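Starting from the known structure of chain A, fit chains B and C onto it as the hints suggest.
Top to bottom, those sequences are chains A, B and C. Taking the working numbering, the leading residue of the first sequence gets 1, the next gets one more, and so forth. Taking the working numbering, the leading residue of the second sequence gets 1, the next gets one more, and so forth. Taking the working numbering, the leading residue of the third sequence gets 1, the next gets one more, and so forth.
Don't take each hint at face value.
What the hints assert, rightly or not - Partial selection, computed: residues in chain B whose CB lies under 8 angstroms from chain C:
id, residue
1, 122
2, 235
3, 236
Unchecked claim - Listed next, the in silico DSSO-like pairs over lysine-lysine satisfying Cα-Cα at most 30 angstroms (straight line):
id, chain 1, residue 1, chain 2, residue 2
4, A, 398, B, 73
5, B, 154, A, 375
6, A, 208, B, 154
7, A, 208, B, 102
8, B, 408, A, 379
9, B, 434, A, 208
10, A, 375, B, 329
These are computed hints drawn from the structure, not numbers from a lab. Keep in mind it's a predicted model, so treat the numbers as computed, not measured. Here a beta-carbon is modelled for each residue, glycine too, at the ideal position from N, C-alpha and C.
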Amino acid sequence: MSGAVTDTVDRITSRRDPRFEVTLYAYVGVEGAHTLDAYLERGGYDAARRALAMEPGEVVDLVKASGLRGRGGAGFPAGVKWSFMPPPDGRDRYVVCNADESEPGSCKDRYLMEDDPHQLIEGMMIAGHAIQATTGVIYVRGEYHHAYERLRAAMEEARARGILGRGVLGTDVDFDLILHRGAGAYICGEETALMNSFEGLRANPRLKPPFPAQAGVYGRPTTINNVTTLASVVHVVAKGADWFAAMGTDDSKGIHHAQVSGAVARPGVFEVPLGITYREIIHDLAGGPVGPAKAFIPGGTSCPLLPFDDAHLDLPMEYAAMANAGTMMGTGGVIVIPQDQCIVDAMYNVVRFYAHESCGKCTPCREGVATWLPKMYQKLLAGLGTPEDVDLIEDMVKNLRGTAFCPLADAAAWPVQKSLELFRDEYEYLAHHGTPMYPAKDRWSA
Amino acid sequence: MKIHVNDVPLDVAPGTSVIDAVFAAGYDVPYFCSQEYMSPIGACRMCLARVGAPRKDRATGEWILDEATGDAKIFWFPNPMATCTTQVMEGMVVDTLSKEVKRAQNGMVEFTLVNHPLDCPTCDKGGACELQDRAYEYGTGESRFVFDKRHQEKHHALSEAITLDRERCIHCKRCVRYFEEVPGDEVLDFIERGGHTYIGTLEDGLPSPFSGNITDICPVGALLDSTSRFRGRNWEYHHTDTTSLDDPSGAALRIDARTGRIERIKAGLNDEVNKTWIDDGTRFGHEYADHADRITLPMVRKDGRLEPVAWSEAMRVVRDKLGGVDGTKVGVAIRADATLEEGVAAQALAAHLGTGRLDHAPRPAASVLPGGAPATLRDVATSDGLLVLGDPTHEAAIVDLRIKDALKGVPPADLLPHGVPIADLRLTERMPRKTEILTVVAPYRTDLMKHAGRTVTPPAGGEGALLRALLALAHARTEAQGASDPGKAADAALAGWDDAVGMSAADAAALLDALAAAEAPVLIWGGFVSADPDADAAARALATAVGAKTLILGPMANAAGLERIGVLPSHERYAYDPASSEVRAWILGDLDPAQDPTVAKRFADLDALIVHAAFENATTALADVVLPAVTGYEKEGSTLNAEGRLLPVRAAPVEAGAATDFTGVVKAYGEAAGERLEGRSVRSARRVLKKRLDVDLAELPDDGRLLPPAPAAARGARALPARRAATGSALVVPSLVRIEHLDRNPTLLREHGGPTLRMHPSDAHAHGLTRGEVVTVPVGGIPRRLVVAPDDGVPEGTWLVPTLPDQPVGLHPLDLDALRRERGETAEVA
Amino acid sequence: MSVLGIAKGMGVTLSHLFKKPVTVQYPEEKVDVQARFRGRHHLLRHPDTGLEKCIGCSLCAAACPAYAIYVEAAENDPDDPTSAGERYASIYEINMLRCIFCGFCEEACPTGAIVLGHEFELADFRYENFVYGKDDMLVGVKGSKWQRREAERAGRDVELGLAPSHRPELEGVDY
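Just chain A, same shape as in the assembly (with noise of 0.2 angstroms):
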């Protein structure tokens, strides 16, 4: 079968378009889908029949051509990362499914393992196919119990029908997954992190190169991707790379999902095509703010906010049109923050969260993320701050972006960078004044 993408198939790039319809999501929330049953009978498993009577070598071109890249966040084309991968030596390999799904913002991986956890082992073994791995392992977040028990039950069901083992599918290809439960730290969602995680040691990111390709788990080639993406493996041969191509932009193809949540009137996960815009994410799929906002996280806390203007809301939901803008596209967690919560406050909530995942190997991290940023925002909400204190923390931020051994500390930094460039007057009038330009409220009562 041939994976050239031809520019003639119209593009879908947006969400309004009839030929748009659900794939990945159709059958979330549905009572029922998540047997191995009901699986079968919607079709499942048909995909990786079809991808183990390929060579693996052709299942990597399938891929490529779809232009699938990764949903995790860094978004590198998932085809080139499994052609990556080093040819076998008769010793183990692994494919690694991330689903440590701890962006705050995101959530579109928990509802793929909890109603259709099938569909992901599907992925996990076309991938383990076309990597040519026989083991795969699934690192599940740890506060997803619920996702944990269904892939835990779906995994039983499938091994006790031969999906899973000796001779997947009748054929004589052997592959078997892990199901490894992490133990709550975002930091396991950075790739060598979560491989280090499940070898038993401290969840530190690892010196990268080696790449997990050369050296993964336990040393030998890994290749890890996230959840969303595997599970998009499964439509991708099923359909076809065209059918998948033909979604999106140039630069960003397929479909992805907006987690939309923060002052909006329909808070969810709406699987959407790529290039949609961030206005119809906003109001036509969330239902538009609720009262006035003025800035828009545009996937997941770690990338940088944009001005809730129709500048910015009209760009489009692509890799490349967010890199353009300052900012990254990242899990596609759309978080809206409303003109009066108070931006310091709301950073404060951001910096907490990321000096308390901080894993303290590296030092800017450790003592700036982790120490230093938080106390700085303390004694800025405190009424204690002076306008130098808000230059520190602008000059703080400069050294720690890019400076860190991981992205953690960018994560952390490039948020707070950002809101400084737009809404310095409100760092400026508390320190001035002591109290916020917006009251502080219950942040849960919104």
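Just chains B and C now, with coordinates in the frame of chain A:
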């Protein structure tokens, strides 16, 4: 690869880290987490620099050119890079001087100091602190952090010998990595996360024989040597770079002394020998040298009591006493950790007295000089097939570490202009170890065995049988190759194998295969083999048969050197035997044979007993003349380590009254006797040695010099006579901690516990012995006070006792019927 | 040189004939010292807790250009501390024969523990009596070794040849 560091063009090897390139170019970047012999991890983020490199056009494969200049265009990385974890690339440009770099470094110093208490005046590291230096060089001089610093435990005793100040820790992870990467004992880790991260261990201290090294590598004052806690400031210490006389590995030491006391010992740097590591016995075992009961003046027995006198008077007494004894009936023996110069002095003294009864002790039955191809420690570290017979961890601790280097499979790095590479990118955290290359043979479970792919436990004293069987098998297999049906002949060779030697035929064949397949096999053996001349002969033959180099671990620091220069009896009949009734007078250097009651009885009717000792003991109690001796820290001289490397021994300034080394004894004797003896001073001894060894020992470099092996003819002239291997049920085993000094080393005693009597738990049960009980039991005649420590790593029927200089490694009779319990006394067992 | 010049010079001499002499009839009279006069050292205590300020860091010894100071430190007993820090000076000696009273030790001290006071009558007979230990310098000790010895022999209080003076750094030292 051609690179530029701040416009200094440089040609460096591929794989070099940028930080090394910067240092090689003569520039400096600050760093805390990198350490020369450990993996770079990029945790401290101090070594930031701006790095750029040219790129090749994907399509054409040509360098992308800068249109303005026509040179390859430099693409700068968007962020400052940690140079310790970045590899050089062709055409790379490194900038360590620009404003951006300075700003990044300033910022990082500020972050590092956020939670670091500035208690430098009370910190033992003050003045020798990497953070202090780097903060001074790269910091802004002030902190904008106005909040309370992190408060954590300030005096946490990680072990009896190491104190941890958790507030001072800057989380560079050197200590954590050290334990995993160097000795392979994972006993330390980070606990908690983020700003709360701290270093911690299990409650039972730091169970590793190499724990003290973390106090050297800690870049701040978080990990401190408890023996020197608050004893002095770094600039007040007198530093003496010398060589350890604790074991035959020849580790480099730095002795820090103040006002006549040794306050601490740190590891010296000798890339060829110990790198920067030493064992805990060496590091913490120095307190005895400052002990109050040192003998500081010569003493002469008057009316049954020892009275302090001047050297000249003591020597007149010695001269008169010896004058009445037939010269051939005088015995001279020095301890095997005496320097080469002391050996020459002893030889001169024996020659003057006209006696052939000269010896060093302990001296094993077999020679400790390797024949054939001697292995250096570098050979050990680069070997791909190691057969170890004995317990190197305790015999020569550095050999243990170099064996572990070999398991990593990373050969020692080439030296750069600034020395050992700071960040060797071939090393990584948690490297896979090639345990399959290591075979350890010992009659009980040794520390090294947990790192070995193959372990063999022959019966105690059974090394000879095992080696002979292996040798026979090796020969048979060689012959089988020439046979008409090699497979059948090889099977036949295996047929006669007796598993009782400690390993199965299949294992033996696999071992020989591994040694044969290895490109650089090395055979290492210690006291258990040397105690049995037959085993020694078989080991040498096996090494030849498999083409292996050999490393022999002698009983004490300079045993090989003293044997090499011939501090030996003129005939084996005259070998050191304190119980001999032929000897009428003894001159003993630092030996205490009278611990054995039969020897003591024999000594009571000697014509003269002259003892050169640092402390009073059972032998000085019987001596006619006691001469004050210096310890190994206070000697000037040289030693020859196990690999045959001549190393300088230098004297630390320790207050020890009129004590001298053995050359001083010979000098004073010569003055009393009106003779100028060779070896009357270190200088005179070195003149003699220069003639014999063709090496000027006064000019010895700090890292020593390999002495070419003695020509076979020279060895043959002093052929060592065969002595029979001893028998008995007590196996005296090597000890990393010097038991004879343990009582005067309070820190080490607390850390290590008393000397132990180890036996299988079933033996302990059969004799009604309980763990921690203190017993006195005669071992080879010497009553030994030991702490009972049942250990399932000891085979049944074997009782392990740590060695003393007067009780060499090997089998000794054990009189369990005479075992006496010290009622009510118990001790901690590590 | 002109006659005028000589007259001018003589004029200065003459004018001093009629001025009050500056000579102090020491030891009958007390000497007035300048506020910043540097005399014998005092080792201070924290006025509120009474703990020694000296933490035995030896920086004074390092700063001393005459190598006059010797410090040996020890660890404080947490239940009964001698100083406020982790360590205190178990031995603190200044050789007054070597000391050049430059005051570098005072400048080097991170805790303000050593301050040069105004006492200057340090003369004595034996070398050993010039080595001042902690007992001779801690706050509360008045006078040099010789003065104290004499006072004890004579059974009277130490009397300094020093007019009452004040140095603000010298907390608790009273002249």
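Status of the hints after comparison with the structure:
1. Interface restraint check: residue 122/B against chain C, minimum CB-CB distance 5 angstroms, threshold 8 angstroms, status holds.
2. Satisfaction of the interface hint for residue 235/B is found here, the shortest Cβ-Cβ separation to chain C being roughly 6 angstroms, below the 8 angstroms cut-off.
3. Hint status for residue 236/B relative to chain C: holds, with the closest Cβ pair at about 6 angstroms, below 8 angstroms.
4. Pair hint residue 398/A plus residue 73/B holds up; C-alpha atoms about 27 angstroms apart against a cutoff of 30 angstroms.
5. At most 30 angstroms may separate the alpha-carbon atoms for a hinted pair to count; residue 154/B and residue 375/A meet this at roughly 23 angstroms.
6. Taking the CA atoms of residue 208/A and residue 154/B, the gap is about 35 angstroms. The hint is violated against a cut of 30 angstroms.
7. For the given pair, residue 208/A sits about 25 angstroms from residue 102/B by alpha-carbon distance, which is consistent with the 30 angstroms threshold.
8. Restraint check: the Cα-Cα separation between residue 408/B and residue 379/A comes to about 50 angstroms, which exceeds 30 angstroms; the hinted pair is violated.
9. Pair hint residue 434/B plus residue 208/A holds up; C-alpha atoms about 23 angstroms apart against a cutoff of 30 angstroms.
10. About 83 angstroms separates the Cα atoms of residue 375/A and residue 329/B, which puts this hinted pair outside 30 angstroms; it is violated.
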